[in-house]
Amino acid sequence: MSLPARSNALHFGVLALMVVLFFVLPPYYAGNLSRIMVLAIYAMGFNLLFGYTGLLSLGHAMFFAAGMYGFGLPMAHLGVPLVPAMFLGVLSAGLLASVIGFLALRTSGVAFMIVTLMFAQAIYLTILYFSTWTRGEEGFVIQQAERMVMGIDLTSANARFTTAFVLFAVTFLGLARLIASPFGRTLIAIRENEERTRMLGYDATRLKWQAIVVSGAVSGLAGAAYALLFGYVGATFATVQYSIFPLLWVLLGGAGTTIGPLIGVFFMFYLIDISSSYTNAYMLIAGLALVLLTVFAPQGIAGELRKRVATWLP
Amino acid sequence: MDFGPHLMLASLEGAVIAAILALTAMGLSIVFGVMRVVNVAHGEFYMLGAVLAWFVASLLGGHPAYGFVAALLIAPVLVGCLAAASDWLILKRINYDPDRTIVGTIGMLYIIQQTTLMTFGPDARPVEAPFNTRLALPWWEWGEGGLTMIWPWGLSTTSYKLFVIVAAATILCALWLVITRTKLGLLMRATQQDSETAQAFGVPVGKVYSWVFGLGAALAAMGAVLVVPIQQAHYLMGHDPLLLSFIVVIIGGLGSLPGTVIAAILIGMSDGIISVFFSPTVAKIIATLLVAMVLVFRPQGLMGRKAA
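Chains as they are written, first to last, in the working numbering: chain A, 1 to 314; chain B, 1 to 308.
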């Protein structure tokens, strides 16, 4: 099989596997699948920037939150219908990403991480400050009656899975396509050697800015989808912890691989799910995972697979 | 109270915050200066200092002064050893790669924080101050009979708070002496200037890194032991000092020690004053945005030199 055919087979295989899992697994685990897929969208958005472009943002929660609040606030206060609100969510995350990208790209390396961390902190505090509308830490609930589209109740198990699956599939295939395109290839070139890419005549800063905007918009889509499917909007999703999670997922699954983010979310989800039934200090597992990964397997699961078994892995 | 006495009270509170902050930020700053890595777990070393101070003080019992002095001697050493061990165990293995160090220290942050939650518990616990006399402060007013001294109600501080300021200043002076006058300081400065050349001249760079990482953590722990009689020990208390230390180190110029002290005084005083007169959330929003903007438009900081 040629390379594109192989990666197509892999991607459609993964999607088919998700559908099969939904019908085979008992209800509790099948229900978890929707959450895992939505979080995987977030991880994929982060992966585009971290894994493929080589920019480590420590503030991606602000884009997730921008999608969430861009979707939830107009619905709760202005009565905007569901589908346009979804677009508003993605749009506000994309806009925020374009502004932050413009400012943050003037720095690089450690300074880039700290700048994104600081902006995300400012956004989080702003959400707390305008608690009249956002209800701060407590958050607000999007009523079940509002989560209907064309007469279909999105809170039912089947509709929830279908929505999450469609959004996941579109993002998964879309990003895989993007990575294989000349644009994606140039991003990888920037990750590998920015100076050289610049010397070959590419406008690296502009490309990186575009990567931030796409990454932010995808993360925003995840935020909006999370609010849509689980009906809750809260400031917790804007905290530093939610900026660290995608990093953890992507590192665990394999940065710079198309299937890495999904694998990472799967692993981490069940790792925390299982450990939180034993202890309330479940973040200890996350910390240990981070340290062990950085020391022993900086490439992650899919990365190690690519190194040892299947070098063709996209 | 009038505006004048109120401002004086706010600046006194600010001075205490600034003193603690100077110690904590100095730890972060020397680690960055010598090793060129950002230690995200710095706030947790601070928290550990406070928690260990509580353990030491409650184990010893007796007069609060014994417990406090013992804590001030034991806690920073323990925290420093732990930090040096984690440097040897984790950071050395990833070759101090800047990106991987950040990820690794984020992992350390959660490990330390959650282990404390499992052992120390979620409660905030106080450590008694060794002495805590209330001192009323005078204020001068231009009245009918010329300048008169009055004692406004509520304008007071405690002897312990003044002690914190003096102690922090003493520790910083001692640190300055260590860096400029001792062999360890010489090795540190050599490593900072050019670690490869230093290694070629026989400086044990690996050992210096462990020492510096331990010293940085110990400074944070000393700040925490000093603060714990004013502010209780809690497993999440490391978050704010980490953020503020970042701000101080960036504003002062990454790796510039005098810049760090000046910025700590500036930020600590204004934090104290702004949060007395305005909402603390607004103060924090302004501070974080300011730091981001300084990094974007003046990456070398206010006092730092341009990177070569």
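Calculated from the structure, these hints are not laboratory results.
All figures in this text were calculated on a predicted structure; none of them were measured in a lab.
From the three backbone atoms N, C-alpha and C, an ideal C-beta is built for every residue, glycine too.
Be aware that a few hints might be false.
[What the hints assert, rightly or not] Chain A is faced by these chain B residues, among others (derived, beta-carbon under 10 Å):
#1 36
#2 93
#3 152
#4 288
[Unchecked claim] Label pairs and their calculated CB-CB ranges:
#5 35(A) x 239(B): 38 to 48 Å
#6 239(B) x 26(A): 31 to 41 Å
#7 195(A) x 3(B): 38 to 48 Å
#8 281(B) x 99(A): 34 to 44 Å
Index of numbered hints that the structure contradicts, given in increasing order: 3, 5, 7, 8
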